[in-house]
Amino acid sequence: MTRALLALVLLLPVGLVAGCGGDEDGTTLRVLAAASLAGPFEELAEEFERTHDGVEVELSSGGSTDLVAQVREGAPADVLATADTATMDVAVADGLTDGAPRTIATNVLQLAVPPGNPAGVTGLADLDGPADPSADVALVVCAPEVPCGAAAQRVARAAGVELSPVSEERSVSDVLGKVVSGEADAGLVYVTDVRAAGDAVEGIVLPEAAEAVNRYPVAALADSAEPDLAQEFLDLVLGDLGRQVLRDAGFGPPEPPS
Amino acid sequence: MTPGVPRWLLAPAALGAAFVLLPLVAIVVRVPWGDFGELVTSEASREALLLSLRTSATSTVLCVLLGVPMAAVLARTSFPGRAVVRSLVLLPLVLPPVVGGLALLYTFGRRGLLGETLEVLGVQVAFSTAAVVLAQTFVALPFLVLSLEGSLRTAGERYELVAATLGARPTTVFRRVTLPLVLPGLLSGAVLAFARALGEFGATVTFAGSLEGVTRTMPTQIYLLRETDADGAVALSLLLVVVAVLVIGLATRGRAADRGLA
Numbered sequence: 001m002t003r004a005l006l007a008l009v010l011l012l013p014v015g016l017v018a019g020c021g022g023d024e025d026g027t028t029l030r031v032l033a034a035a036s037l038a039g040p041f042e043e044l045a046e047e048f049e050r051t052h053d054g055v056e057v058e059l060s061s062g063g064s065t066d067l068v069a070q071v072r073e074g075a076p077a078d079v080l081a082t083a084d085t086a087t088m089d090v091a092v093a094d095g096l097t098d099g100a101p102r103t104i105a106t107n108v109l110q111l112a113v114p115p116g117n118p119a120g121v122t123g124l125a126d127l128d129g130p131a132d133p134s135a136d137v138a139l140v141v142c143a144p145e146v147p148c149g150a151a152a153q154r155v156a157r158a159a160g161v162e163l164s165p166v167s168e169e170r171s172v173s174d175v176l177g178k179v180v181s182g183e184a185d186a187g188l189v190y191v192t193d194v195r196a197a198g199d200a201v202e203g204i205v206l207p208e209a210a211e212a213v214n215r216y217p218v219a220a221l222a223d224s225a226e227p228d229l230a231q232e233f234l235d236l237v238l239g240d241l242g243r244q245v246l247r248d249a250g251f252g253p254p255e256p257p258s
Numbered sequence: 001m002t003p004g005v006p007r008w009l010l011a012p013a014a015l016g017a018a019f020v021l022l023p024l025v026a027i028v029v030r031v032p033w034g035d036f037g038e039l040v041t042s043e044a045s046r047e048a049l050l051l052s053l054r055t056s057a058t059s060t061v062l063c064v065l066l067g068v069p070m071a072a073v074l075a076r077t078s079f080p081g082r083a084v085v086r087s088l089v090l091l092p093l094v095l096p097p098v099v100g101g102l103a104l105l106y107t108f109g110r111r112g113l114l115g116e117t118l119e120v121l122g123v124q125v126a127f128s129t130a131a132v133v134l135a136q137t138f139v140a141l142p143f144l145v146l147s148l149e150g151s152l153r154t155a156g157e158r159y160e161l162v163a164a165t166l167g168a169r170p171t172t173v174f175r176r177v178t179l180p181l182v183l184p185g186l187l188s189g190a191v192l193a194f195a196r197a198l199g200e201f202g203a204t205v206t207f208a209g210s211l212e213g214v215t216r217t218m219p220t221q222i223y224l225l226r227e228t229d230a231d232g233a234v235a236l237s238l239l240l241v242v243v244a245v246l247v248i249g250l251a252t253r254g255r256a257a258d259r260g261l262a
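Chains B and A, in that order, are what the protein sequence lines are. Following the working numbering, the numbering of the first sequence begins with 1 at its first residue and continues without gaps. Following the working numbering, the numbering of the second sequence begins with 1 at its first residue and continues without gaps.
Isolated chain A, as found in the complex (with noise of 0.2 Å):
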């Protein structure tokens, strides 16, 4: 028996949880069952579905690259400023995704901080795939520091200092003692980075544009689709909705599993 909690918090738990569920049974509501299948499987929306997927998982395996040795030094190491460091790192969370996109343009555009640089490379990054990839990962990227750097905290010192009394080196250490104990967190931060990427729409309309097959991501299509096909849009949405919802479902079941078996 769990202590529970007073009985005054239901109340506004309940008016929450409406606020946040009656905006998506709005849209099931308005979704023209008839043409659904019609309409979520067209082209357009079928291209604009792949690239999302495909843009997402790109971007999911950035993060876990970058994402886990920053979440690694913000969580085991303490250094002059690291408080500033983290709240700068996680500031795509609060960032206006136009911002962020604004952000990218001036460094990555063809007359960014880099752009000239990547010019010279022959990396030509607007309007192309690689913008919307570079986008995600900007938004993304601080889901999966978060994530990962809270289960370290939470797992502790001891193993790995067990470990290193026993004569294991650092990268032992790492490999073997820290990131099999943290391995749930990192896969729902990787979860929660690709649900994050799919639904990136601000900073890539800013920064990468809109072309079918190349930068149209489900967002974008959803976004252009309304202008003509007020039906079309409602139906995509319901289907980017399920498919966040399958992520996140993925992502908690990881969590219970992990539960269980400690």
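Next comes chain B alone, as it looks inside the complex (with noise of 0.2 Å):
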């Protein structure tokens, strides 16, 4: 009795884990998209398997860099989207994509101030300066080393203003996060996070963020082991409706008209 029953608890282990890899007899398509993208393409992943019998769409979502790790260490995977040419370009030099990468959308900055706006802000000029730690707006942005960072630098810079936050963040949700929360004044966000904030936060537009346009690649990836089922995402997400979705979602054309 007692023997079997350890058996039975040194098994359990195995058979949950075993579980959740077993596929069924129907087809998986793994795509990997940026974390910003993550609520247009599960509307777009629910309207692929409603059109494709027998395919289940996996999306995960999360920072881009994460994702081309991912695909460089072997996670199987389909499709990658991610938040900046940049780390495409990665992929791309890795040899980790299957033609080119296409862009599918573009974003924007803007500033998001807590409801009410508190600080009263008004534009980047207001959070012009030289650190301080007294200073009466607590302003926080990503880390140049991410893209929304990057992004925040150049706009700066088209502003002729010297930010100086209180927090450089590793992501935009970590930069919304400190908004929500009340703990920064404001915090230089993608204006589809705004959007998708809801009432949380409320956005202001800075003419200025047109001086950096981020633009979403996509590809297929080489090891995918569905080439035609994720030739076929491409061309749903690349199509009218991926456009009408994205569009919904707070996200620019693809080429922006210069």
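Bear in mind the hints are in silico, worked out from the structure with no lab data behind them. Keep in mind that this is a model prediction, so the values were computed, not measured. Where a beta carbon is used, it is the ideal one built from N, C-alpha and C, also for glycine. Watch out, some of these pointers could steer you wrong.
What the hints assert, rightly or not - Which residues of chain A face chain B? A few of them, derived with a C-beta cut under 8 Å, are: (1) Leu105; (2) Thr107; (3) Val123; (4) Ala126; (5) Val205; (6) Tyr223; (7) Arg226; (8) Glu227.
Join the two chains, each given in its own frame, into one complex according to the hints.
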């Protein structure tokens, strides 16, 4: 009795873990998408499943660099969509992609402030100045190492201001979190993040944002087990419906009017 | 000659050891040794390491100041609900660090429980080095309490009873008998707390932010560096592992020396 119980306890984790990986008879299309694309891509994945019988789309979203690193370390994936061209260029240079990446959408920065705008921020000019611990306005931005931080630097240069943030976060969602919680008075995030946050923040349009337009490329992956399905998913994202869904989420068209 | 263990325990024990050690080996294999020195001595890395050592040391002092009384109360007194209090105090051990960070945010943040009071007092915790220390102390305190409480129970109350019978006051007993008895446990508890504070990441990122020289500790620097410089991140990771191993080695040597004396 005890022995049987012991065997059961020992084998239980094996059974539980093995159960997750087991594929049913259907096919799985694995899509890796930048965190900011998660919402619209979920919608498109559902549409894809509806029109493709027996196909299940497995969407995982995260930071673009993390996604590229996962592909490089051999994670099974069929489609990759990143939040900027620089990370996609790395994937292309490493020979991870199949075919040239194509731009699906663009995004620009906005200033997010807590509801009611307690610090009375009106634009980047209010945030100008050297580092000052007793500054009236606590500004949070992305670190220059990540795409949204690089964009923030370009926008600041275009506006001719020197930003002195109290924190440089690793992702846009970390910046947004600091604004939503009221810790920061303002944060530089994408217009789509402001849209997705709903009533939790207010967005302030920046005229200088046009100087730093972020492009979102998508590509099929070289090690894909389902290259035909991957191509069909790309067609969906690049087609009319894809454009519509991305536009509804606040993204700009792939080729912004210059 | 020790009785040893049944032979069938050896295989799973070796498996467990491999499970822990193999990832460390994997890091060492990935380190770009040619540029190692350059990578770990960059300005940003030095700032991060110094900040980590400084904040961890401060947190450890705070842990000792708060944890010793807590452990003493938990080990030497009995009151209704003691078991519940004990479990709650140890909660940060099992809490996901991000949840810990949120909890701290809702306590010390500008809109938190104590935020307004602190603001009136002119204390601004958000985005300051103090926030890092708070996060580290929060996650490290249970290690010290747990370790010291164990030592207190093992040491027993015999000597304390004798001292009390001979007329020593409670403060004298605590200072002259209890603390010296459990000093090795206190030391290793403090070292564990220091190591835990050094590795703190989740609560810091959620609660304190990330700015070079102010709140960007080693783990946050590694996390950020991965974005642009994977080699640099691996090199810094190894440096942090080495510091942690040194700290743990120090703690276990302290224990061994103590046993040798006893």
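Subject >> Non-conforming hints, listed in increasing numerical order >> reply: Violated hints: 2 and 3; rest satisfied.
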